[in-house]
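Line order of the protein sequences matches chains A and B.
Mapped onto my numbering, the consecutive letters of the first sequence carry residue numbers 1 to 508.
Mapped onto my numbering, the consecutive letters of the second sequence carry residue numbers 1001 to 1468.
What the hints contain is simulated information worked out from the structure, not anything from laboratory work.
Hints may contain errors.
Stated by the list, open to error - Only part of the chain A face toward chain B is listed, based on derived beta-carbon distances under 10 Å: (1) Ala-4; (2) Ile-34; (3) Lys-469; (4) Lys-503.
To be verified - Each pair of labels, with its calculated beta carbon distance range: (5) B:Arg-1358 to A:Asp-51: 35 to 43 Å; (6) A:Gln-400 to B:Lys-1460: 26 to 34 Å; (7) B:Lys-1307 to A:Asp-51: 42 to 50 Å; (8) B:Asp-1199 to A:Ala-66: 46 to 54 Å.
Nothing here was measured: the structure is a model prediction, and the numbers come from that model.
Using N, Cα and C, we set each Cβ at its ideal position, and we do this for glycine too.
So you can see what is in the structure, the chains are spelled out below.
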Amino acid sequence: MKLAYWMYAGPAHIGTLRIASSFKNVHAIMHAPIGDDYFNVMRSMLARERDFTPVTTSVVDRNVLARGSQEKVVDNITRKDQEEHPDLIVLTPTCTSSILQEDLQNFVERAQIDAQGDVMLADVNHYRVNELQAADRTLQQIVVYYLNKAKKKGELPTDKTEKPSVNILGITTLGFHNNHDVKELRRLMADLGIEVNAVIPDGASVHELKNLPRAWFNLVPYREIGPDTAQYLQSEFDMPYVDITPMGIVETARCIRAVQKILNEQGADVSYEGFIDEQTRFASQAAWFSRSIDCQNLTGKKCVVFGDSTHAAALTKILAREMGIHVVLAGSYCKNDTEWFKQEVSEYCDEILISEDHGEIGDAIARIEPAAIFGTQMERHVGKRLDIPCGVIAAPIHVQNFPVGYRPFLGYEGANQVVDLIYNSFTLGMEDHLLEIFGGHDTKEVITKTMSADSDLSWTKDGTAELNKIPGFVRGKVKRNTEKFARDRGITAISAEVLYAAKEAVGA
Amino acid sequence: MTLANTQPQALEFECETGNYHTFCPISCVAWLYQKIEDSFFLVIGTKTCGYFLQNAMGVMIFAEPRYAMAELEEGDISAQLNDYEELKRLCLQIKRDRNPSVIVWIGTCTTEIIKMDLEGLSPRLEAEIGIPIVVARANGLDYAFTQGEDTVLAAMAHRCPDQAPVAEAEKEERGGITKLLNFGRKKEEVDAAESEYVDHAPLVLFGSVPDPVVTQITLELKKQGIKVSGWLPSKRYTELPVLGEGYYVAGINPFLSRTASTLMRRRKCKLVGAPFPIGPDGTRAWIEKICSVLEIEPQGLEEREAKIWQSLEDYLQIIRGKSVYFMGDNLLEVSLARFLTRCGMTVHEVGIPYMDKRYQAAELKLLEQTCHEMGTPTPKIVEKPDNYNQIQRIYQLEPDLVITGMAHANPLEARGINTKWSVEFTFAQIHGFSNARDILELVTRPLRRNSSLKDLGWDKLVREKAPH
Ligand code: SF4
Ligand code: SF4
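Given the sequences, and given the hints that come with them, work out the whole structure.
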């Protein structure tokens, strides 16, 4: 047992569900107790999804515990198959229900007899892997399933597309700014004259998967989700892949050069150097901005970076290499990717921390006292307590990571966004500090001070106590209304009773 | 049936597949740890439970947390580790870091599945570490959402003292609310204040509500000369109310049936069976019932209710004649349906996770009666609903408002259907006379918002699909 307060990566079933519900017309059945279906809430509330989340729980309750699922799971699968005609139904347990050790594979086989669509059990070890690893694994499993199916039917295309083309792997629902990133990547590929053969899984149909091998190469923008699939496609279909995250000006250029190399090896004759130079020096604002006088004051400022491997490594490089900021500590919660992370960032920071324990990171931040933090929502919170500004650069996902406007992290527009984020984090931090100095913030003390001053009315202790329970932002209004009410009625001492009587009278 | 016209139409009950969305009952931790200020809640479960609390509830376990997960790892599940030693290690750490007056163990599905004997372990551990341990099995196998609170309060009911441990004079100082009301007054005034009360059998209220509501309800009863001798839960664990044999107890929430039966069977208290104090109609009925069992003639309740209704008129104009559909989530549905019917709405369906017809008997009767008096059809009550079927019915019925869990709100809005999250009623202050306005503020908000957007002509924000 361990005492846990916070998790950077969710449990495995969340990863599986992210993949299943990213695809078009795929439904997931979750074999789980009823309270485990909060994935639906995350998708509807955080990602503001307009469609009903295609996940249905096959409820594990007391009866199932006592007698096993019997027909329940099979019935739920076939029912969904009839109601919504999905192409594929993915069955997954949660870590809770996997303890029951029911033979889910058997349920899948039985359901497949009646179901029109395909049925599969997500093959994930719920005891051993987290959300991200499970997502990576499930994506691969679905791709393998449909490529094998096509092979058996002899429907596997053997040709490549005429023009250079790419599959973008690992774009998912509830992924950190994934929806903006994919737009930017499509734009980048168009600029490079590369056709997008497929983007998976987000918005893809499983029927298109058999066409994956037609692309000239695969692009894996994130280290957490996609590599398993890319490796499989490489070993089975000899497809090369690029797994350099195009985040920041330098890494974007490196990614494009890797693409160029792969294409030229396959007989294309492309040169992207001119494009890279044009983008870097003139079209994109990021490189110029870091050079501009604005950013001079950031030089040598201390910061801490923490997040998933992809974002923490990329940000570390941008800060250190492109902006001259001193990264004291770079860290990641992706323990399974420790080696890569260390190798990538070691030359750009003083310390490396790989940990899933938010307390450890919090302590490190307190010790280092950086001028800014780039981390997750948790570090943002730590920053608030320590009065250090924090830019959020990585999941766990939060509703704030679904901005309505366009905010990619990848590509050249992403580079612009990232420098904005960095610059604003530092300077907003300064402004905040000024506000504090000049008493611009509405603090509790201020309110209580004005409370009894210059007034012909007095508040009794219980009245004050009740008033203080009212949230700060409406307290002033409630107080004014109550005092008016008391004055009108010639009441001089305001008690809790008077407060509530006033609330009723004015509907405050 | 000729009787149908003269007699209230009987409510129709139905049970569906139980495939609906609701929150896990362990979510009660989110409000109970705030309510009971000297407590620590330890949820013993898996990462799935922890991620739920962190994410879906939006209660991120940030600064100074008074709850935590005891995350079960492979060794715990395969029983290689000793549960007692593991829990002891964690509880000692909690004691050292937080020193709470009580540790509440929240069991989960996993502790049920692996049959961890929490009730068996706790007495020994509590003796060993010197902090009371209350065990509540708020798991998602047996319960839905708000019922988590029920399991905690039922467990705490066992810990209430059965007699006042100290002299009478000091006892006055114990109860948080008594203290609050008497604050700053001299002894004589306190005695004088005592005389504002009628002499009646002790009354304890149960149900967790925010402190301002505690004050309001206590004052409301005081107007009738009724003294509330305590609340379960109290603000502090060390101030749990005395529960003597023959005490009257009244529930403030409709989801507390286990607590009610524990109080009756185990503590030999007498339950006041009343509708719940939600909406002016319910509040009046609740107070009247308490008065009647305490043999007090209620004063001015009718006028008070009428005045509240008057003050609600601006909101009532918005909802009168409109229809509402409850998908079912937090077990407040019947009380809200009854109140909204009285407001002039028609209720199509009341979905509800679990229906205790005995504990909710008076509320159900009032709903039936209200429908009859308002001349609206009685709604169908669907226990353990099936969300998929409900959505088909919603498409057909086209209600003006759907009160729903969080999973369905945005998709319904995208299809031009007004929604309100049911959880908001769980967290808002909805009890008593004056908070009726707050309920209507919530109910009318989507209608007001969407009517101001109506002229834009954008009400459907998904592409039409051919129906299957
Ligand atoms: S339903 Fe069970 S397993 Fe799921 S979060 Fe609730 S207690 Fe945990
Ligand atoms: S499977 Fe086991 S280790 Fe994994 S999250 Fe669930 S309980 Fe924890």
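Legend entry - Hint numbers contradicted by this structure: No numbers; nothing is violated.
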